[in-house]
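Taking the hints into account, I'd like the entire structure generated from these sequences.
Letter by letter, the sequence shown follows residues 125 to 285 in our numbering.
Any given hint could be a false lead.
Stated by the list, open to error - Once the Cα atoms are required to be at most 27 Å apart in a straight line, the calculated BS3-like pairs of lysine-lysine come out as: (1) K221 / K251; (2) K157 / K141; (3) K251 / K277; (4) K271 / K251; (5) K243 / K277; (6) K187 / K200; (7) K183 / K237; (8) K221 / K160.
Claimed, not checked - Pairwise CB distance ranges, derived in the manner of DEER restraints: (9) T216 / A270: 40 to 50 Å; (10) V137 / K160: 33 to 43 Å; (11) T216 / D136: 41 to 51 Å; (12) E223 / D256: 17 to 27 Å.
Just so you know, the hints here were simulated from the structure itself, not pulled from any lab data. Here a beta-carbon is modelled for each residue, glycine too, at the ideal position from N, C-alpha and C.
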Amino acid sequence: MHTESEQDKHDDVPLSKSELKRQMTAIQVLGEKLVKLSAAQLETFDIPSNLRHAIDRAKHITKREGLRREMQYIGKLMRHIDIAPIEDFFSTLNNTKQEANEAFHEIEIWRDKLLQDPKALTEFIGKHPNEDHQTLRQIIRNHHNAKTDAQRKKYYRMLFQ
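So this is what it looks like as structure tokens:
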């Protein structure tokens, strides 16, 4: 077991040069993500004006080397601010995208079920009572009665909407 004095010794040890570089690279990557945001999204952050100007300049730089240097400068400026709100924003943004992908996948599964299994419509109406079930029945019926592949694709897409 470690005594408290041994623990204090570990707390006083400075970070290694490699660890510092990893942290600085992570901050620079976060800066690159900031450059890709729209002006409206950038307004949600309380960042210093010099950092905001550097981000705006980076959006207009077309030369690779110039952009690399500007990104390093943005990383340098970001070392002096609290990056926790920015990290939280991007983690929320990633979660939102993941939820949207999951919802999209669920819609695709329901569409396939509705077209293959006649009992699936009853199950769907039970889970989603506010949906227009008469229109759904009509689209499914039209899909099954369609004579050409083009017509089937049309109703397949209509069911997705």
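**OP:** Mind listing which of the numbered hints don't hold for this structure, in increasing order?
**Re:** Per hint list: 4, 7 and 11 violated.
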